[in-house]
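Whenever a hint applies, use it, and build me the whole structure from the sequences.
What follows is the residue order along each chain.
Number of protein chains: 2
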Amino acid sequence: MRKENVSEIEKILKENKAQFFLQYANSNDANFYYATDFQICDAVLYAISLNEDMLVVPEMERNRATRESNVDRVYSLNDLNFTENLKETGNVQSALAKTYLEFLKNFGTKKVLIPPDFPSFLSFYFKNNSRIDVEIIDNPFAKMRAVKTEDEIEFIRETGKAVVDGFNYLLKVLKRGERDCNKLRDKLELYFFSKGYLCRNTIIASGERTSDPHFTGDGRVEKHLIADIFPKSKNTGYYSDFTRTVILEKDGEIEDMLDAVIDAKNRGISLIKDGVKASNIHNAVCDILEERGYHTLRKKHREGFIHSTGHGVGLEVHEKPSIYNSDEKLKSGMVVTVEPGLYYRKWGGVRVEDTVLVKKNGCEILTKFKNRVDLDE
Amino acid sequence: MRKENVSEIEKILKENKAQFFLQYANSNDANFYYATDFQICDAVLYAISLNEDMLVVPEMERNRATRESNVDRVYSLNDLNFTENLKETGNVQSALAKTYLEFLKNFGTKKVLIPPDFPSFLSFYFKNNSRIDVEIIDNPFAKMRAVKTEDEIEFIRETGKAVVDGFNYLLKVLKRGERDCNKLRDKLELYFFSKGYLCRNTIIASGERTSDPHFTGDGRVEKHLIADIFPKSKNTGYYSDFTRTVILEKDGEIEDMLDAVIDAKNRGISLIKDGVKASNIHNAVCDILEERGYHTLRKKHREGFIHSTGHGVGLEVHEKPSIYNSDEKLKSGMVVTVEPGLYYRKWGGVRVEDTVLVKKNGCEILTKFKNRVDLDE
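Chain order of the listed sequences is A and B.
For the first sequence, position 282 (counting from the first letter as 1) is numbered 282 according to the working numbering, and the numbering increases by one without interruption.
For the second sequence, position 145 (counting from the first letter as 1) is numbered 145 according to the working numbering, and the numbering increases by one without interruption.
Among the hints, a few may not be true.
Intra- or inter-copy, both count: the list cannot distinguish identical chains.
[Claimed, not checked] In silico BS3-like links for lysine-lysine, alpha-carbon gap of 25 Å or less: (1) Lys17 to Lys127; (2) Lys234 to Lys14; (3) Lys161 to Lys187; (4) Lys299 to Lys87; (5) Lys277 to Lys232; (6) Lys87 to Lys277; (7) Lys105 to Lys17; (8) Lys300 to Lys105; (9) Lys143 to Lys87; (10) Lys368 to Lys127; (11) Lys370 to Lys161; (12) Lys223 to Lys17; (13) Lys110 to Lys87; (14) Lys87 to Lys300; (15) Lys320 to Lys183; (16) Lys329 to Lys87; (17) Lys299 to Lys359; (18) Lys172 to Lys232; (19) Lys320 to Lys87; (20) Lys195 to Lys183; (21) Lys187 to Lys3; (22) Lys329 to Lys299; (23) Lys161 to Lys273; (24) Lys277 to Lys175; (25) Lys187 to Lys232; (26) Lys331 to Lys87.
Simulated from the structure, these hints should not be mistaken for laboratory data.
Note that this is a predicted model, so its numbers are computed, not measured.
Listed below in structure tokens is the structure:
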């Protein structure tokens with residue numbers, strides 16, 4: 001575990017009178033990867049006690065886990081009773097659950113803490129086969145990850161610059177005349193891959209079906225195009241998230257919506273600073289859109305602004321905090337999106353999004369680009 | 001849900017006297033994606049009853065889920081009490097759990113089935129706040145996915161051909177003189193991306209650290225190189241998995257190990273057919289390696305052949321069945337790897353792997369390439 005995170009976990013274990021915090025995950029799980037610095041395809045047990053953190057891995061991963069992870073101690077299933085338990089139970093998952101439980105009992109464990117997504121096959125087994133108390137807590141690493149270190153900010157800043165370069169590349173391809181959404185996406189994603197970024201399910205969408213915010217797009221580009229680009233650095237693992245609506249042909253309704261969304265985004269960004277409540281930002285964004293005559297989800301509408309104002313960005317493209325109707329306060333060092341949008345079946349959708357860094361007295365936009373983009377300019 | 005899978009789920013619900021089988025997942029979960037045909041970034045509830053299957057999604061995904069998934073009915077959290085529950089609980093996960101439970105109760109639910117990886121925050125909430133019986137079963141879709149349809153076989157065959165082309169490309173780059181593992185990996189992964197395949201964490205490893213089977217490799221290529229390539233088609237979603245050990249410089253020990261591994265692989269492949277026990281294949285592979293004087297994990301050794309003989313390949317690179325010490329029988333239509341390897345700290349590791357299709361009287365190799373690869377040939 002990173003040294004700076006040890007005391008937080010210690011505090012949580014002591015407060016909850018628990019001997020372990022457990023995760024069962026692979027490195028696609030950002031909390032696992034953040035905690036262990038270990039790349040692994042298959043899920044393994046990660047256990048943190050007051051004294052040390054430990055991985056329990058298959059034999060084939062023992063040496064690599066010892067060399068490559070930042071974890072204090074590595075156990076192989078081969079050292080524990082896994083083989084015998086597999087023979088006895090005839091089932092890999094039962095054998096794993098039994099082996100892990102024996103492992104925990106060896107430490108005299110009376111209580112373990114688990115994150116919300118901890119798999120039921122393990123939590124049920126522990127509950128049904130021991131007197132160990134099993135309690136769910138918010139994943140402390142998710143909370144830690146929300147406030148970025150200097151290094152992490154630099155990584156997200158780098159990805160943000162790559163996003164802007166990539167969007168400029170997309171505009172160049174559009175100006176050359178390419179109008180097929182799938183070809184535009186393929187070219188853009190290949191561009192990013194060649195620069196060291198993984199971009200998947202990039203939204204390059206046009207027409208009325210843009211009224212579905214996550215419609216990735218197909219067919220030809222018509223009057224307007226939504227490009228929602230969220231690459232992950234292959235090197236650092238950090239994302240950025242960015243959306244612009246490109247106007248190809250004047251269209252009153254879409255342009256009015258875009259105006260309103262840009263105003264709402266600017267208002268949202270102007271409010272972001274250390275200590276502000278997430279709900280204040282979301283409500284200010286909704287206020288502007290409602291003042292302009294549009295609908296919002298806070299009034300339970302099914303069209304208009306039908307999602308949250310934003311979310312954290314880091315090792316995941318969607319992570320804590322959520323900028324929605326919660327009382328959670330933003331903190332310096334958080335990196336969040338501000339992304340109002342409007343969606344009507346009759347006209348289609350528009351969205352404008354930046355990734356910003358929360359600071360003491362404001363925020364810094366990490367994906368700097370003009371808000372309104374006209375292709376013919 | 002795909003029509004051909006409906007009766008299997010019905011049978012399971014009836015046998016277990018349950019009203020629902022539940023999944024809580026996003027489309028990175030192959031079982032969810034296989035069942036719903038729906039691409040979604042954030043986790044949602046997928047519920048299958050005797051009459052229909054249903055998704056419960058955020059409002060912003062309602063129309064897209066209706067249009068793009070193969071699911072019978074789509075509910076939005078906006079239709080249910082989510083907003084009120086969020087206000088009441090102040091916590092997204094509690095609000096989701098409460099909303100889902102109310103949803104299940106509306107159907108008069110007395111018992112639900114969940115897969116092993118179902119998150120504990122939901123299963124605990126259901127158990128603690130209702131009399132609904134919650135029972136874990138093996139995920140039926142994981143079992144269904146193990147036996148491939150004709151379409152799926154074609155998809156995996158396509159990826160297999162791409163793998164062989166990609167490996168030929170890698171050999172060409174090696175012959176041109178490139179000896180940096182990271183540059184070789186970057187070039188190979190970019191090649192695959194440009195052909196429509198996503199390849200990540202490709203193993204291009206050399207030297208003694210190849211004694212860790214999943215060491216991805218860095219530094220210079222020395223006497224031998226392990227290339228373990230497992231691309232996923234961006235179009236179909238299906239993987240193939242392939243490994244060759246390339247000899248650059250004669251080395252007695254490594255060549256002896258490679259000989260043994262090739263013999264073991266050929267023996268494994270010769271045994272694969274409908275009805276054969278997985279453990280028979282694994283044991284035959286171990287026998288050959290032990291006869292040649294090498295160690296195996298079945299005797300609890302920490303060096304030698306320290307992993308299983310193979311695994312299923314499909315929408316996941318590791319899926320059912322496992323070719324290890326289980327009594328499970330292979331079936332026609334399964335696609336599995338055969339990948340013996342030998343790993344010694346003193347010498348490094350070698351591995352040879354093919355993806356094969358199980359047939360009635362044998363198997364078909366889907367990644368055809370000669371077993372022994374000498375760069376100077």
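Here is how each hint holds up against the structure:
In this assembly of identical chains, Lys17 and Lys127 lie within 25 Å of each other by CA distance both inside one copy and across copies; the values are 17 Å within and 24 Å between. Taking CA atoms no more than 25 Å apart as the test, Lys234 paired with Lys14 passes in neither setting, with 37 Å inside one copy and 47 Å between copies. Taking the closest pair of Cα atoms, Lys161 and Lys187 come within 25 Å of each other both inside a single copy (18 Å) and across two copies (23 Å). In this homomeric assembly, Lys299 and Lys87 come within 25 Å of each other (Cα to Cα) only across copies, at 14 Å, whereas the closest approach inside a single copy is 57 Å.
In this assembly of identical chains, Lys277 and Lys232 lie within 25 Å of each other by CA distance neither inside one copy nor across copies; the values are 28 Å within and 42 Å between. In this homomeric assembly, Lys87 and Lys277 come within 25 Å of each other (Cα to Cα) only across copies, at 15 Å, whereas the closest approach inside a single copy is 54 Å. Proximity of Lys105 to Lys17 under the C-alpha cut-off of 25 Å is restricted to the intra-copy arrangement: shortest distance 16 Å within a copy versus 35 Å between copies. Taking identical chains as interchangeable, the C-alpha atoms of Lys300 and Lys105 lie at most 25 Å apart only when they sit on different chains, with a minimum of 23 Å there against 50 Å within one chain.
Proximity of Lys143 and Lys87 under a CA criterion of 25 Å is satisfied inter-copy only: 21 Å between copies versus 40 Å inside one chain copy. Taking the closest pair of Cα atoms, Lys368 and Lys127 never come within 25 Å of each other, the shortest separation being 51 Å inside a single copy and 48 Å across copies. With identical chains, the CA atoms of Lys370 and Lys161 are at most 25 Å apart within one copy only, with a shortest distance of 14 Å there and 45 Å across copies. Proximity of Lys223 to Lys17 under the C-alpha cut-off of 25 Å is found in neither arrangement, the shortest distances being 61 Å within a copy and 54 Å between copies.
With identical chains, the CA atoms of Lys110 and Lys87 are never at most 25 Å apart, being 28 Å at best within one copy and 34 Å at best between copies. Proximity of Lys87 to Lys300 under the C-alpha cut-off of 25 Å is restricted to the inter-copy arrangement: shortest distance 14 Å between copies versus 55 Å within a copy. Taking identical chains as interchangeable, the C-alpha atoms of Lys320 and Lys183 are never at most 25 Å apart, the minima being 33 Å within one chain and 35 Å between chains. In the homo-oligomer, the alpha carbons of Lys329 and Lys87 lie at most 25 Å apart only across protomers (16 Å), although the nearest pairing inside one protomer, at 52 Å, exceeds that limit.
With identical chains, the CA atoms of Lys299 and Lys359 are never at most 25 Å apart, being 31 Å at best within one copy and 58 Å at best between copies. Proximity of Lys172 to Lys232 under the C-alpha cut-off of 25 Å is restricted to the intra-copy arrangement: shortest distance 22 Å within a copy versus 29 Å between copies. For the homomeric pair Lys320 and Lys87, the shortest alpha-carbon distance between copies (18 Å) is at most 25 Å, but the shortest distance inside one copy (42 Å) is not. Within a single copy, Lys195 and Lys183 get their C-alpha atoms as close as 18 Å, and across copies as close as 13 Å, so both meet the 25 Å cut-off.
Taking the closest pair of Cα atoms, Lys187 and Lys3 never come within 25 Å of each other, the shortest separation being 42 Å inside a single copy and 36 Å across copies. Within a single copy, Lys329 and Lys299 get their C-alpha atoms as close as 23 Å, which meets the 25 Å cut-off; across copies the closest is 56 Å, which misses it. With identical chains, the CA atoms of Lys161 and Lys273 are at most 25 Å apart within one copy only, with a shortest distance of 22 Å there and 53 Å across copies. For a Cα distance limit of 25 Å, the shortest separation of Lys277 from Lys175 qualifies neither inside one copy, at 41 Å, nor across copies, at 60 Å.
When the C-alpha separation of Lys187 and Lys232 is checked against a cutoff of 25 Å, the pair qualifies both within a copy, at 17 Å, and between copies, at 18 Å. With identical chains, the CA atoms of Lys331 and Lys87 are at most 25 Å apart between copies only, with a shortest distance of 22 Å across copies and 51 Å within one.
Going down the numbered hints, you'll see the structure goes against 2, 5, 10, 12, 13, 15, 17, 21, 24, while the others check out.
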